[in-house]
Amino acid sequence: MDLTPSTEQDMLVAATADWCRENMPLEQARARPPHLWGELEAMGWTGMTAPGMDLDHASEALVFAELGRHLAPVALLATAVAARWSPHAGPAALALLDNHVPGGSLRVLDPHGAVQALGVLGHLAAVTPLPADLGGEPGLDLSVPIVHLDPAPPFEALPDPRAALHLQLLAAAYALGCADAARDMAAGYAQVREQFDRPIGWFQALKHICADMAVRCAAARSQLYYAACAVDADTPDAAFHIAAARQLADQAAIDNGRANVQVHGGIGMTDEAYPHLCLKRAHLLSFVAPARRQTLLGEAA
Amino acid sequence: MDILFSTEEHRFREQCRDWLHANVPAERRPMDAAEAIEFDKAWQRRLFDAGWAGINWPVEYGGRGLSIVQQVIWLEEYARAHAPWIGANFVGINHGGPTLILNASEAQKEYHLPRILRGEAIWCQGFSEPGAGSDLAGIRTRARIEGDELVVSGTKIWTSFAHVADWQELVVRTEEGSQRHKGLSWVICSMHAPGIEVRPIRKMSGQVEFAQVFYDDVRVPLANVVGGLGNGWKVAMSTLSFERGTGFIADQVKQSQEIEELLERARATGAIRDDRIADQLAQLRAEVAALRAMTYRNISEVVRTGQPGPEASVIRLFTSELGQRLERMTLLLAGEAILDFRYGEDDLVADYLRGFAATIAGGTAQIQRDIIAERLLGLPKSR
Ligand SMILES: Cc1cc2nc3c(=O)[nH]c(=O)nc-3n(C[C@H](O)[C@H](O)[C@H](O)COP(=O)(O)OP(=O)(O)OC[C@H]3O[C@@H](n4cnc5c(N)ncnc54)[C@H](O)[C@@H]3O)c2cc1C
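Chains C and H supply the protein sequences, listed in that same order. Counting from 723, one number per residue, gives the positions in the first sequence under my numbering. Counting from 18, one number per residue, gives the positions in the second sequence under my numbering.
Be careful, since some hints might not be right.
To be verified - Straight line, CA to CA, 25 Å or less: simulated DMTMM-like cross-link-like pairs of lysine to aspartate or glutamate:
#	chain 1	residue 1	chain 2	residue 2
1	H	Lys199	C	Asp919
2	H	Lys220	C	Glu916
3	H	Lys58	H	Asp183
Hints were generated in silico from the structure; no laboratory data involved. Quick caveat: nothing in here was measured; it's all calculated off a predicted structure.
Please model the entire structure based on the sequences and the hints provided.
The following block contains the structure:
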């Protein structure tokens, strides 16, 4: 047993973080430039999960947590899963199949340039080819265009249940990254903002808010590592551990997103400050392959 | 102790209900900022003409002079009738006006109070600064005296309605080199005065509802100082205590309506069959009931002793956090549809995002907790 990243994994994380800071800063997450996707492809982030790359899930989780910390495009999640499991090749948009009401319209996230859409339906991932140039309008998370497909096209279920688990794991990593970003932003601000002639982080009330943010991240991160290793070891309870990681990461992302606004005070409520970017992303991610209660309770579906 | 209203109070309730039923506009407050202001002004004028403006203002200043129990009844009926939000008249009616009533000269009152009541003058509140938020005594905006004028320079921030206001309740440092609470003055400043620049600030909901205001040698007549030079802190605090006294009643009434609407929606959509949602709604309904009981208790205290008890600060915190729990419940019930939120649109997502203000504006939740611990429980002061 060893739940710490290896030296190579640490290097991978550092390289990812460096690249993201340079090329995909969180501060620009309200709208991503069109050329970003090409750069992500060139860096290999879209293909790192393809069969034959032989990257373990733990390494994937580490990398996706970094990407998530910089509020990377959510199409990366769908594309990474599609690269391994879909019969179609090419970028995938994220289809919110979980709560889709049959007959109603279907929300597809980040459709620009996608040739297919991927989502999770029950225990299985499912895909459908997409026509080119679907368009899409930014919604709550300004960096994520959404298109409504009405009627929803038929989706083809991918028979291997590991595809759905894969999406859940990567989404958990994204949410954890988002929670990390909010924590660091809050702690950073608490050190520099002064009221009553001292940094606001001096006040215990604020210290404790920040500490709670760190606790949520630590719990979610540990469980994410455990879950990723459970998939790599192919243990029978891997589905449960992924669901647990997903659940905790979601909670951490939303609670930290909210706390970060509070720590910033008035400026935290503004469009020009960055806390809302994390908060909105957290709410969006909570709809992407969320943990199922039955799985968490260990009940067979 | 007794929860029943008297016969006269019942009769008063009917009076409120009848008038509101006949007068509440059918159309919603417009989205467009300029149109919204006209709407607010027209509604205020209608209230005024019928004698309902300034329900808590003394009759001698044109108000309705309702007893606090009658205020509650009015506000309950007001919410029940879905009467319009007070909007841009908020500061004038709830802050500026009451401060003038308590502290201003007869001439100041005579000029400003009727204009506020009739909805002719919009006010804003210039207290907070970039460096003075929770620490309000850190105010740096200065005013030097030149003849019979004050010359103001500096900046205020988070000023709600600044971009539409005619007047501002402005707290400035009039004594050079003074520290903290000393040497401040509360002045009436025209927002149309030369040297004022308003830079609107967009909220994370997309709305532009507050602004940063810059003062570049803005001239204000000395006659506009309220409560005397150097007494600004005392004057400002009289507004705040007013706000902390009865200001929460409107929120309480709104929340008791919100929970019923949430419940209706959960029943209509079938979401109520989800135990987790049913549990949370049940909890919220209990909390809303308790909030009303707390409010009634506090009001009874006012009736008996003439001022709100120290529990007013508890109610303030409880209301603001309960409001946020209700907003989260609204989000939960809306589900994935929240993702379609259009920036700047006025919907439940905007309400959720704006709702963060409840634990920030006018004293953050952390400051409120300090107040409760120190003033109510007698714990050692940390500042
Ligand atoms: C929507 C909105 C409308 C507003 N409208 C107006 C207006 O019309 N006029 C006006 O004058 N102002 C207005 N304000 C300003 C408001 O009063 C301030 O935002 C508030 O007082 C907090 O100040 P700040 O934003 O500078 O935050 P800060 O004081 O910098 O606080 C940042 C964080 O530090 C914490 N903190 C600070 N001091 C302490 C302490 N001693 N102990 C523990 N924690 C502490 C706070 O709780 C907060 O979490 C408005 C604000 C908002 C959000």
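These are the hints, each one checked on the structure:
no.: 1; hint: H:Lys199 x C:Asp919; in the structure: holds, 17 Å
no.: 2; hint: H:Lys220 x C:Glu916; in the structure: holds, 22 Å
no.: 3; hint: H:Lys58 x H:Asp183; in the structure: holds, 13 Å
Checked against the numbered hints listed earlier, the structure breaks none of them; every hint is satisfied.
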